[in-house]
Each structure stands twice: as C-alpha cells, then as structure tokens.
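Sequence order for the protein chains is A and B. Heads up, the first sequence is in UniProt numbering, so the first residue is 1 and it goes up one at a time. Heads up, the second sequence is in UniProt numbering, so the first residue is 1 and it goes up one at a time.
These are computed hints drawn from the structure, not numbers from a lab. Predicted model, so just to flag it, every value in this text is computed and none were measured. Please note: incorrect hints may appear among the correct ones.
Each computed DSS-like pair below joins lysine-lysine, with the alpha-carbon atoms no more than 27 Å apart [to be verified]:
#1 A:K31 - B:K1108
#2 B:K1136 - A:K31
#3 A:K150 - B:K1108
#4 A:K291 - B:K937
#5 B:K1066 - A:K201
#6 A:K165 - B:K1108
#7 B:K1106 - A:K169
#8 B:K1106 - A:K31
#9 B:K173 - B:K546
Letter by letter, the chains look like this.
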Amino acid sequence: MASDNRGALYERAGYTILPITFPPTPAYPHKVHHHLYLRSHDPRIEDRDTPRTLFVSNVPIDASESSIRDLFKRIAGGRGAVQRVEFEDKAWKQRHEVSEAPVHAGVKRKREEVEEAELEAKMETAQLPEVWEDELLPGGTCALVVFADKSSKDVALKASGRLAKAIWKGGKDAPELTWNSSQACGIERYLSHHHLTHPTKHHLQSSINTYLTTFTRLESLRTRLAARTHNVPDADGFVTVTRHAHHHRPASSAAAQAAADRAAEKEKKIGPDFYRFQAREKRKERDRELKVGFEEDVRRIREMRERRGRVRPE
Amino acid sequence: MASAAVKRRKISHPTPKDADLPSSNGVREPENDFSDEELDEEEELESGSDSADSAPADDRNGPKAKANGRRRAEKRDDTMMGEMYTGAIFKSNLFKLQCDDLLDQARPRAGPREASIDKVVRTLRKFIETIPDTEPRSVSEAEKALLKQHKTAVPFPDPRPPKDANYKLQYLKPSSITVSGSYQTKRFNRVGEELGVDLVVCMPSALFQEKDYLNYRYFYKRAYYLAQIASALLSSSAHKFDVSYSYLNGNRLHPILAIRFAKGGSEDGLAKTKSFIQIIPSCQPNQFPREKIAPHKNCVRPRGEEGHANPEKLPPTPFYNASLLADASPLVLSKLIEGASNHCDGFQDACLFGRIWLRQRGLGGSIANGGFGNFEWASTMATLLRHRSNVLSPGFSSYQLFKATLQFLANNDLRSQPFVSHNPKSFGTWTQGDCPVFIEAESGVNLLYKVRSWSYESLRQAARSSVTALGDTVFDQFESTFIQRADSSFLRYDFRLTVPQHDLLVKGSLETLEERCSRLHKTLLKGLSDRVGLITFKLPEFQVWKCDANPRSDEKARIQIGFVVHPQHAFRLVEHGPSAEEKAKADAFRKFWGNKAELRRFKDGSILESVVWEQKPGVSVFEQIVLYLLEQHFGEAVAQASHLEGDQTGKLLPGGGQDVTAPTAPFQGLLSAFTTLTNDLRSMDGLPLQIRHIQATDPQLRYSSIHPPSSTTSPATMTLEFEGSGRWPDSLQAIQYTKVAFLLKLSDLLSEHSSSYHAQVGIENRMHPIENQAYLDITTPSHHILRLRIHHDRETALLNRTLTQPPHLTTPASRDEAAFALSAYKSTFPRPAAHTQALATAATRFPALSPAIRLLKRWFASHLLLPHFAPETIELLALRVFLHPEPFGVPGTPTAAFLRTLAAIARWDWRGEPWCVDFGRANIEKNGGAGEGGMSKSEYAEVVTRLRAWRKVDPGMTRVALCVASSIETDGAAWTERGMPPVVIAGRMTALARAAVEEVKRWEREEGLMSLGTLFDSGVEDFDFVVELDAKAIARARNPHEENARFKNLAGGKAKDAMAGFEPVKWFVQDLERLYGDIMVLFWDSDGGNKIAGLWNPSAERRPWKVKIGYSTMPIEAGQDPKEGGDGKFTALINKRAILGEIARLGGDMVSKVAESAK
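Isolated chain A, as found in the complex (with noise of 0.2 Å):
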C-alpha cells in the first residue's frame, strides 16, 4: 500500500477510522493495527440518549465497558467521559425494539394482570447462575457509546478524527493508541469457567426454588383467569373460544397398544381382498411400482455415471 494512499484512509463514508495497536504477546510478538470504525450515532428512530451516542464498528472481541471507557479516557482526555457502554446482541435488540413499542398508557389493568407481569418479570430473574465471568463478542461486533453529555460526545469524535489522522500519517513520531484489555483470558477464564459450572448447592436450590415457586404461582394465576374468561362476552360481545387444558393423552401405553392391537384385529378379520377390484387394484398398483422402481433405477444409474464417470473395475 502506498503511503500517500494511508493518509488518504483515515475517514470513508462518514467514519472515522482508528487504528489502535494491539500489544504484543509472548505468544505472538507482533505490534499489530486494529481499525476502529466511529461515527455519530443516527438510527432511524432517535431517543434522548441519541445526540451523546458514538456508534463504534468492529470493536475487539475482548472488548467491555471498562476498557471502551479507558480508552475515550486515553483519547479525549478528562473531557471525554464515557456514562455507558451498549454492546451488539440480542438483547440490544430487544431492547430497542421494547422502548419503540408505544406504552400502554392510561389503560387501567387489572390487578391479576399486574401480577402476571410481575411474577413473569420474577421468574426472568430466577435464571441459573452465569456461567462466564466476561462475555467475549464476536468478531467485528458494533457498540453504542453513550458520553456524559453531547459535548463530550463531540470532543471524543473530534479527538478520535485527529488522532487517526496523526496515525494513519505514520513517521516516527506518529502517536499510538494501545488496547487495553480488562478481562481474564488463558487458563484463568477457563478456570473461572469451571468453578461457575459447579455452582455451590445452595446456590443452585435457591434460584430454582425461586424459580418453581414463581412458575407454580404464574401457572395458578394462568388458569384462575382462563376460568374467568371462559364463556364470558368481552366489551364488543365477542366470546373468545377457548380450549380447556386436558390433552387426550391415553392413560398408559399399554393401553394405547391395546387400542392399536384391537383395530389390527378388525382389519385382519375382513381382509384387505375382501372384493376382487380390490386385489385387482393392488396388482395393477405393484406393477406401476414395479415400473417406478425400475425407472428410478434407471436414473441412479445415470446420475451415478455423471459423478464419477462410468463403471470400471479398479
């Protein structure tokens, strides 16, 4: 790559682009460049937060809150104070989308409603324990930066922008921007990964009694309000059907076989030739799969010869 081709390559369709290093390893002794791509925020549908967001592209695996902030911190210095830090996932997603959705206001609920919600809300928070001590993200995740206000927002973007000229210029006094990584890695991770796995006893019971409890009291509330509704006219006078809970399970599988074995019974004892059409009919029908058969055949044949050519002996 030419040099006049690097400086020209510091900001591309709206972003900033900054290389920061990474520091070498033992296991890996090279000063390698990573790009960070930044830019304002702007999603399609803005919020409060919107005008102090940075939205930063490609962040490091390893990457977390603490070690975006500290390097907002490096880069702009005391003016860039980073509040928060919302990484890609599922659950930025969701959140989003929650936060969109327009709320139900003025809308009194009833108090089951209610405490549907709140035990739905219980039973989220009755999770097993986690199992990771960081969470790793995927290659070349997006984050949403949220500063302290938009001034700092500005300095850090204006900061980043000069910065990533100065590097992207090179020379030897070109500065550098290391990454700092916060999280454990190597044997540690693993180690802290297998501890986790084992959760100490009382530990486990508890959040899955809190669990259990919860399901149980939801379950009754459930059906406590399916009976209420049941035949009941809404506002418009509408009767919502709905279907009772009991599946029509057979009471054991001996059962069930019985039934199968009684059915079998009443076949074998009319015969599946009782008319002659029908034995007719079920010659005619194993000639045409006699035909199917063999014209399949004759197809395998074929394909087989189109993928490895014709039949030889080795």
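Starting from the structure of chain A, add chain B where the hints point.
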C-alpha cells in the same frame, strides 16, 4: 377361454423356488428359462394371445433348433423388459443396469488394435510355416548345435535329459497352427488387462515314439521344438521380434515363447497395444494312449528302474500326467468352449463376469496366482453346461450362469469328491489327496491340475463370500463383486509371513519348492487348527528370460504366506491334545510339538497332552505359535529369516486393549462402576419418582474411546429416566428447572447413601433455556466419573408441538430454537442410548471391533479431524467392514479392519451414496445365514430416499455432507447434521483416506513391510496458521494441588474430583469457533494434541466495506473492480494479523506460539 387353459398348463410346471437362484435339481427345459410365473403374468395381460410357443420344443438337438433359437431370442427380448422390473433374472434392476454398463466397457470390440494384432499374427504364422525341417540328432548334439549356431538354449525341464539318451530330437513342420485362447473367442476383457494371443503350434506325430509319455521324453522333445522356433525367429532378418522364453502359467514343464515387439521393428503395433503373443507347442489329441496317462498312473519311473515290473505300484504322478494331457487337449477344450458359446446366449458374458471377478481377487491361471484363471473358468463352465444341466442350463442368463458357477465352486469340495464330467468309470474312484479334481472326460484332463490345496481353499472362500454377497437382497453388492479390488495382501490377511525361498529349500535335497511349501502348509494347518480360517501361499512368479540363457530363479525371492484367523480362537493360550491314555495319538502330539508339549491336569479332572503359551507383551500367541512351528519343523535358520507381520495396533493405541484376547478389559472398571451406580440408584429410598431406565450413552461405555477410562478422562455420560407422572410441568423451561431440582435431590441422596460418592451439579446450555440445563457429575468409589442427565420424553412432544404450530402462533426464531433443541435432545438422550447398546453388543461379538474403532478415531485425531465428527459417526464407519465384510471375511485383527475401513472410506462416494450399517448382520453371522432382525429392503430404501431429499433441499451440503445411517437409526443425518463434518472436512477425510490407500498399495508393490505408523503422520504445512498450546501450563491447571490458590473451596482430597470435566482447550476452541466460525475452519487433535491449526475461509478475504461485516477488517482503497466497492466507499480486507493477535490474547498463558504459515 384360451388363456385360462394356458394358465392351468403353465401352473402345472414345476416352479423353481427362487427364480434368481438357478434350480439345482431336475433338468430345466430351455423354454422354461424364464420363471413361469412371469410368463403367466404376461399372458394374462395380453389376454390369451398365446400360440406358437405352446408346444415345448427341444431345440437342443431338434431339427428346428435354429428357428427356435431365434424365436427364443425374440421372446427373451420382450420378456426381458418384464423381467427387468422384477429383477428376477438379475439380482435387482440396479444390479442389472450396472452389469450392462460393465459389460459394455469390458466387451471386446474390433478396433485398430485388433486389426494390427491380426496382421502380426498372420505374419508370424506364415513365418513359422517356412521354418525348415531338421535332421534327427542326439540330445547333446542337438543342444550344442543350437547354442553354437543360433545362440539359443534349449529350455529343458528339470531333470535334464540323460547324456546317453537313445532317442533323437528333431524339428518338423507343424501339423497345424491355430490361434486360440480368449482373443480368438472374443471373451477377453478390455479393461485393465494385457491382451494375450495364444498361437498353438501342433507338433506332428512323426516326432514322437510310443513311449515318449514316460520320463519327460515328450517334454524334452517339446523344449527342443520350441528352441528351434525361437532360433528361427531370432535369426530372421525380415522381422524383428523380441522373443523370450517363459513358462505357460508358471508350469515348469511348459516352456513357451513370449513375443513382444522390439522397438524400431517393422511391426511395432504390439508395443503400443499392450499386448503379447505366446507360442505354445502342443501335440495331437491322441498322441499318447489316454489310459496310460490317466491321473492315477505313474509316468516317471525311478532312475534305473525303467523296466519296472509293476508300474501300478509306483506312486501316481498326477501333475506330470495332467501337464502332458493339457498339451494334447487345447484344441479339444477350445472346441468345447466354442460349442458352449454357440449353444448358450449368456456364455460369453458370463465368461467376462468370471474374468473380472477373478482379476479383482488376484486369481489367475498361473500356479503362483492360484492356477484357476480365465481359461479354467470358461472350460469349467462349458463342461458343466454340456454335462451337468442341473448345475448350469443353456437357458440361464449370463448372471445366473456366473452365480451358479460360483455356487458350484463354493459348495462342492472337489478334493474329497472328484468331479468327472462323464464316463466316470474309466477314471476309477481316484482322489488326489488335498488337491481338487475336475476332469473333463473328453480330453481326460484335470482342469484344476494347477490348483494347489491352499489356492483351492482361497478360491472357494472367495466364491463362498461372493455367493453370500449376491444372495444379499437388501444391499447392492455390485461393487464388492466386480469393482472393488480384493487382492491386496495387507487388506486381505490378518497376518502375513514372508519366508525367503532360498532359506526354505534344503540344499542337496530333491524336494522341490512346491513340495516344501506343501509341507509347510500342512504343518501350519495342523499346528494352528481352528485358530486359522485360511492359509494361502504366494510363490514367486517366474519372469521371462532370454533365449540364450537358462531360467534362473531369483535368489532373493520370497514366499508370502497369508493367514486369515478366527479371532475368537486365534489367541487362546492353551492347546488341548489327546488324553494321555491314547498312546499313539499322544506320541504323535508330542512329536509334533516337541519340547512345548506337556501333560497337564485340567479343572474338569481330565489329564491331557497340551501346549501352553505365555502371554508376552508385543508378541501375540498366534505369532509365537507360527514362529515356533517354523523353528520346530524347518529349522532355526528359516524361523530367523522369516518375517511375521501381524497387528501393529499395540504401538498406536494408548492404555492397552489392543490385545484381541481381551479388547474390552481396560473398560471393565468403568462398566462395573456404572453397574454398581445403577444398582445403588435403583435401591435408593426417597426418590421423588420411580426410575424407569438408566442407560449408558458414552463411547467409554461402549468400548470405543481412544483412551480407556481413567480418572483423567472426561466424564462418561449416562441418562436416567423416571416413570411418567402428571406432576411434571408442561412448559419446556420449567421441565429443565425441575430436572435440576431432581439432580440436586439425587446428589443429596447419593451422599447419604454412601460417603464415597461425590456428586456435583453442573450447568450447561445456559444460553438455550429450553435445552437440558444441568447434569450431575458423580465420582464413584472407584474414582470413575460418570455424568448423569435426566431424560424426560415429554420434551419431544412439546418441541414437536412448537414446530407444528401454525405460523401465526410462533415466530421463525422460536421455531428455529425448537428445531435446534429437538435435535440436541435426540442426540443427547434416545439416540446415543440405542447406539451404545447395539455397539456394546457388537463389540463383544467381534473381538477386533473395539481396537479397530479406537484406531480409526486415533487416525482422525492425528489428522486433526476428530472434533468435526460425532463419535458415533466414526464408530459406524469402523463397523462396516465387520457387518458388511464383502469381498473379504470378517477381519480378525484391528489392523486389517482399520486398513479395510480406510479403503472403504476412500471409495465412498458420499455425495450420492449413504453409508449404511446393519446391526442385524451380527446375528445373521451367528445364526449361520438365517437372517433375522436385519434391515429390510424398504428400510434401506428409506435411507437412500432421505439422502436424496437432503441433497435436494441442501445441494451445497452446508447442513449435511455425509449420510451415515444404521439399522437402529435410519436417519442418515442423525449424527452428521449441522456440519458434523462440514463438506470441506469430509473432502479432506476422503483425500487422506485415498493417500493412505496409495501408501498401502506402495507397500504391496515394493513388497515392503507394513509400517502402520506412517498412516498417522500428519504435517501442519497445509494450514494457514497454527496455534501451539503450552501443554505444561494446561497440565498445571488440571492439577490443583500444586498451584491453585484462587479457588480455596476446591482444596483438599475432593479437589481432584472437582476438576473432572475441566477441558480448557476444548472450551478455548469452542470460543474461537463461536467468534470466528464464519471466517476460519479449525483443526485440532481433541485427543491430547498440542496444536490448533486453521484455514482462512477464502470467501471472506475481501469484500465491499459495510458496518456489520461480522469480522475484524482493515480498510484499503477500493480496487478497480466495480464489484469491490465504488461509490466513494472502500474495500474491507480481513485483518488476519489482528485476529491472530486477539487469539493470542484470548489464549493467554495457554498459548505458547501463534504462527502464520509462510505461504
């Protein structure tokens, strides 16, 4: 109604039981060669348009034979179409179509090669006719003259003619010259065979005297006659021939001339066409009185006793006699074959089938190759057709002829019951010891005279195996019968012994090599008894030699002996002999075994002569016996010089179990721990529900993990299923949490039950709440670790309900999640349980199976492919050669099984063919052919259909590349779905297997020794980058005693148990795959390797830049190519070095080096 009448008549015919099998009792009329039922069908469809063929005509001898024959042919054409649908005449449609293809390839056609050969043959013939006669001369004079004038030696057989012989040698113009052999009769195979043309030169009667059949006199004269022709050809100025001597089929009594064309000669046609001409002297059919040279007569009188008073008392010389008769019979047999091919439509094709079948098994007419070649095949068939219509009938199709001939070979022991085509009285009740007899009475020659006892056993075994294969109604055995080569000694034999010919021969003894071999064969058979199924000898073959020299045998030539063993008996330690009271037998036993024989008292009170072998490391009992027998009966020198190759598994497999005597021994500890745990669990009070099943699901519990279980191997998985109950919740997630609660309860109960159990609940699949969430790691008192999961079969129903719900009630995401969860559920619970059970049974049935599987897994691991395959996939790959061994037998050693498996993988066309294994076959073997519980035709068809369906929905093979099914899991994608392995890896597997097969071929070609280890060598040169792991650091972490200050709660005696299932490398690779799965493929040896190698995905190299590209990039200016960007944007180039930097950082102290390859 006419048809009704016809119908009745037809039904009254005796109907053969199986149209596919040629009937073996009763003569079948040619008109009835189609199964009668089929005709019946036809006529009913045509509603009675039956007329001409109603009168049964005997067209064999009848006057209307020709006309009938034509009608028969026409009729066949119609009926063939009908037959084809049913596969009655051929095995199946598929088989028939493939056969047609094969015959098309192999059938001779008239082309430029044939034209040029014809021309050369004509020239030769004319030339021989012009050779001038010579005067009769005495033996020494004649020999000297030839050597002096023409520099041509006379290829006299051993012993050479006596100096004082009172008969004269002479050359006279041949009485006839005939082109004979398969070239003339258009039965040669164009594929992969050198084309030989036989020029039979018939010596005139005037040359011979009445008594010339005695004492090699005929053969001396024949040799001189041949030398005369050779000298004339060599000294010819008009033609330039490359003439050399050779032995016809390796028979030392039959020297012949082999002609190839010298470069620069005028007839260079042959050089190009890969063909040669053999000049074979013969004599008049009635030259010598038949009864004098019948097989049971003696024709070689001992020296000095020429006028023996009573030659009847001398031992018969069957080989000599047959060689003499064979010289007198070529034209008679040619005529016989010619007649058969005119008389029987399928004959030519059946001969081609036979040729191909023999070739693929390395069988041939020469004595070294077994003495049963194409000529023998054709003449056997012709003889049977002519004289045994209950075996072969002219109405048979080519396939039926082929199969019936194989059946004849397989089912009849021609050693104890000699076959004589007709007039058996003139041959008496004569048997030839351990050699087969098949006499064509017209010529009187024993067609199998070149077949030695060992070759006969091998031929019969090949025939038996093929008959079984062709009787297989479910699997298409076309490939194993005609396509696959089965002549590699490394694949075919369990043990191979090489004895230098030079050492075996005793100096100064009259015993020929063959006699010596025969003795060795008998000794080995006797000593190994039921340990061995087959012992074959391959003698060094005679090459051609120059006409001015004498034949010389290669000093370094070696005899190769192959053993096929019965693994159940082969490694038995004690050999029981006769009881001490049977004096004569006991003496013989002692004499045979020498010092090793001893008198022992056994548990049952019997006192027997016996031999007891020791269990030595590295040398199996079988090898000990073979070497001992060699030493005992053939001297120490022979034993020293010989080389026995057997199983090399020992060096390659860790932790024992390679010994076929007790392959499952290293697994027994874990299995008994499992059984104890099962019993303890079942006997516990206070369980919330009754236990229904406890099942093993782990490779370690089915004898198939590379490492035998120990406290450091990963936990062995098992599943527990409770009785059904209405108290289970009806929500997937709640079910998972309930299971965790049950596990906690179980863990409490276990600790209460016995303090020596240590149980710990672990969490898994945390990101997928509807999948199994937890397991219980149980450390048993014996320090084995088992991992228990709870199986609840309601999950299937609930997941299926989600999947089948109408679209408006679910989202695509939840459907995907459910589909994923369902396949995870199946591959955790029901599938491995059934597989484990079936495989454990098979492993006890086939002693070599367990080490063979472990060896194959080791091979996959060495080539860094193991983690890409489900263990079950590899196990099914290894099972095939045991359950479907055709064209071999069931392997007796893991090495043989492993090599055959590699060969099968190399041949596997996985794009279009499923790999299918039928567990039921194990029982078929046991029940002696009575199939039960095997796969049905429709089940196999289902496997094929499923593969086709997958290829239709997923032509790029991104989800399913391989289709590996078994009789208990007909869904071929069960173990291979979701890129297990991806198509790249599958391709690499095939490439590596092919390379291995090439290597084995190289050993075979160079007569080298087996070095199994080389197949496991793999380099990392092919990869883009290599991450080297720091084994020491990982080992330190595994051993928390030395250094683990961080987790104080794990300290103490339990700490080691608590580290069970700690697999940092595996998790590291899983992290990498999750992060970079789209841009790289990782290869690593999950069985303790210390390298992770990777390849970049070439499609991710450079792309037009966008925000969410999914991997780390660096910008470069857009290239000229408008596809790569434009509109002011730039191109994103994958930032490989940054990614490697990230990998190094993530690996931290586990990684010692990350290296990019230099390419």
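Verification of the hints:
1. A:K31 - B:K1108: holds (25 Å)
2. B:K1136 - A:K31: holds (13 Å)
3. A:K150 - B:K1108: holds (25 Å)
4. A:K291 - B:K937: Holds, at about 17 Å.
5. B:K1066 - A:K201: Cα-Cα ~26 Å, so holds.
6. A:K165 - B:K1108: With a Cα-Cα distance of about 23 Å, the restraint between K165 (chain A) and K1108 (chain B) holds, given a limit of 27 Å.
7. B:K1106 - A:K169: Since the Cα atoms of K1106 (chain B) and K169 (chain A) sit roughly 24 Å apart, the hinted pair holds (cutoff 27 Å).
8. B:K1106 - A:K31: This hinted pair holds, its Cα atoms lying about 26 Å apart.
9. B:K173 - B:K546: Satisfied, since the Cα-Cα distance of roughly 24 Å is no more than 27 Å.
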